[in-house]
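Undergrad: Chains G and H supply the protein sequences, listed in that same order.
Heads up: the first sequence begins at 1 in our numbering, then just goes up one per residue.
Heads up: the second sequence begins at 1 in our numbering, then just goes up one per residue.
None of these hints come from the bench; they were simulated from the model.
Each hint can be trusted.
Dumping the calculated DSSO-like pairs for lysine-lysine here, alpha-carbon to alpha-carbon at most 30 angstroms:
#, chain 1, residue 1, chain 2, residue 2
1, G, Lys255, H, Lys86
2, G, Lys89, H, Lys66
3, H, Lys78, G, Lys69
4, G, Lys77, H, Lys66
5, G, Lys77, G, Lys49
6, H, Lys78, G, Lys277
7, H, Lys24, G, Lys69
8, G, Lys214, G, Lys77
9, H, Lys24, G, Lys13
10, G, Lys48, G, Lys13
11, H, Lys78, G, Lys185
12, G, Lys49, G, Lys69
13, G, Lys279, G, Lys185
14, H, Lys66, G, Lys255
15, G, Lys89, H, Lys48
16, H, Lys66, G, Lys277
17, H, Lys66, G, Lys185
18, H, Lys48, G, Lys185
19, H, Lys78, G, Lys279
20, G, Lys69, G, Lys185
21, H, Lys66, H, Lys48
22, G, Lys69, H, Lys66
23, H, Lys66, G, Lys214
24, G, Lys214, H, Lys78
25, G, Lys214, G, Lys13
26, G, Lys185, H, Lys86
27, G, Lys13, H, Lys48
28, G, Lys69, H, Lys48
29, G, Lys279, H, Lys48
30, G, Lys89, H, Lys24
31, H, Lys78, G, Lys89
32, G, Lys148, G, Lys185
33, H, Lys78, G, Lys255
34, H, Lys66, G, Lys13
35, G, Lys277, H, Lys86
36, H, Lys86, G, Lys279
Here are the computed distance ranges between Cβ atoms for each label pair:
#, chain 1, residue 1, chain 2, residue 2, range
37, G, Thr145, H, Ala52, 25 to 35 angstroms
38, H, Asp46, G, Asp268, 46 to 56 angstroms
39, H, Gln38, G, His146, 13 to 23 angstroms
40, H, Ala10, G, Lys214, 23 to 33 angstroms
Ideal placement from N, C-alpha and C gives every residue a C-beta, glycine not left out.
Spelled out from the first residue to the last, the chains are:
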Amino acid sequence: MKHAILSCNGLDKPEGSVAREVAIRAATVTASEIICPVLLNRVHARYKKVLSESALIVVDGCSTRCAKKLAAQLEAKVDRWVLVSDAVKASGRQLESTLSLGTDGLALAQTIVAEIVRNLNTPAPTAAREPATAFEVPTEHLVVTHDKFEFRIPVVDYLFNENDVWVRVADGVARVGISDYMQQKLTDISYFDPPVADGAVEQFGELGSLESAKAVFEIISPASGTVAAVNPAVIANPALINEDPYGGGWLVEMKLANWPQDEQVLIDPAAYAEIVKRKAAEE
Amino acid sequence: MSDTTFMGVARDRIPWFPTIDYDKCTFCMECDTFCPHQVFERREGDRKLVVAHPNHCVVFCRACSKTCGPGALSFPNKPEIIALIKQIRGAESVK
Numbered sequence: 001m002k003h004a005i006l007s008c009n010g011l012d013k014p015e016g017s018v019a020r021e022v023a024i025r026a027a028t029v030t031a032s033e034i035i036c037p038v039l040l041n042r043v044h045a046r047y048k049k050v051l052s053e054s055a056l057i058v059v060d061g062c063s064t065r066c067a068k069k070l071a072a073q074l075e076a077k078v079d080r081w082v083l084v085s086d087a088v089k090a091s092g093r094q095l096e097s098t099l100s101l102g103t104d105g106l107a108l109a110q111t112i113v114a115e116i117v118r119n120l121n122t123p124a125p126t127a128a129r130e131p132a133t134a135f136e137v138p139t140e141h142l143v144v145t146h147d148k149f150e151f152r153i154p155v156v157d158y159l160f161n162e163n164d165v166w167v168r169v170a171d172g173v174a175r176v177g178i179s180d181y182m183q184q185k186l187t188d189i190s191y192f193d194p195p196v197a198d199g200a201v202e203q204f205g206e207l208g209s210l211e212s213a214k215a216v217f218e219i220i221s222p223a224s225g226t227v228a229a230v231n232p233a234v235i236a237n238p239a240l241i242n243e244d245p246y247g248g249g250w251l252v253e254m255k256l257a258n259w260p261q262d263e264q265v266l267i268d269p270a271a272y273a274e275i276v277k278r279k280a281a282e283e
Numbered sequence: 001m002s003d004t005t006f007m008g009v010a011r012d013r014i015p016w017f018p019t020i021d022y023d024k025c026t027f028c029m030e031c032d033t034f035c036p037h038q039v040f041e042r043r044e045g046d047r048k049l050v051v052a053h054p055n056h057c058v059v060f061c062r063a064c065s066k067t068c069g070p071g072a073l074s075f076p077n078k079p080e081i082i083a084l085i086k087q088i089r090g091a092e093s094v095k
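Put together the whole structure using the sequences plus the hints.
TA: Right under this line is the structure:
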């Protein structure tokens, strides 16, 4: 599938200038069409065809995420997302404070483009065995009711942290996802930013993030270990998390590093139900 | 919310909340609009936004900082907070 590139064009910040440069260079290297965010916002129809035919690469300069929010507002599916300010941090260098790009800004843009191209040529890691019979969808649930809402919690096999993330362990593999309560709170999830494949994660470390029009949710890892797989179905269709948070909407599989110890600070379904009751009442 | 617990530890014993760098903050209020837990409060005067309710902040959540364009919000070191929580839990289980 061909790609289209939408960048933020944040012309009042050095990171925005880098984002613009990345878009221009990446479009050249990948033979993609550039989408002007201003024109897209003004005349949606101008890019309707290209959006329907292309996988969208979004480049934002800063955490305001204007381009990504614009894509969400227009219900355009984001295939890849790059945040320049994160790339600056990861590089350990500082950008020039001028809006015209200097040597550092141009070098950073080049690095980001190379990373985009590398990622396009490297498929995300997928589950080693699919579907794993050990992870059958739960049939029995506790139900917490608040106003018109019902929050389901599987009765067995699942453990939770207090950040609304579950883990389920079978055959030495841990599957991780978010609770029904959290998916309802986020509403329509539009993007899953997965963790780095093969990356080591500590318990309570970050395991990627989810985004909806309403919120950004940092996935707090319930266990320590290594990211073994990312759910390809959820990458392709994040709405699956809303539809089936405990089954097909799982996010990540991990190879556990410290399981008996990590398990001791997790909570069982009944205790998590009490926490959901409290959280729902406080909102 | 200060009477609640996190991992069995009283919330007010866990120093997890955002700090605003007023040299960077533009008072765009994105974070306050975004956070559903009323951690921030808008005020009159030079500092138009303050962290008024730090214990309302969800422990380990840093989502507001991910919406902050100027990068004005920071959080404590997570491994240090995890170590502190485990230390308090350990001490209380001995009692």
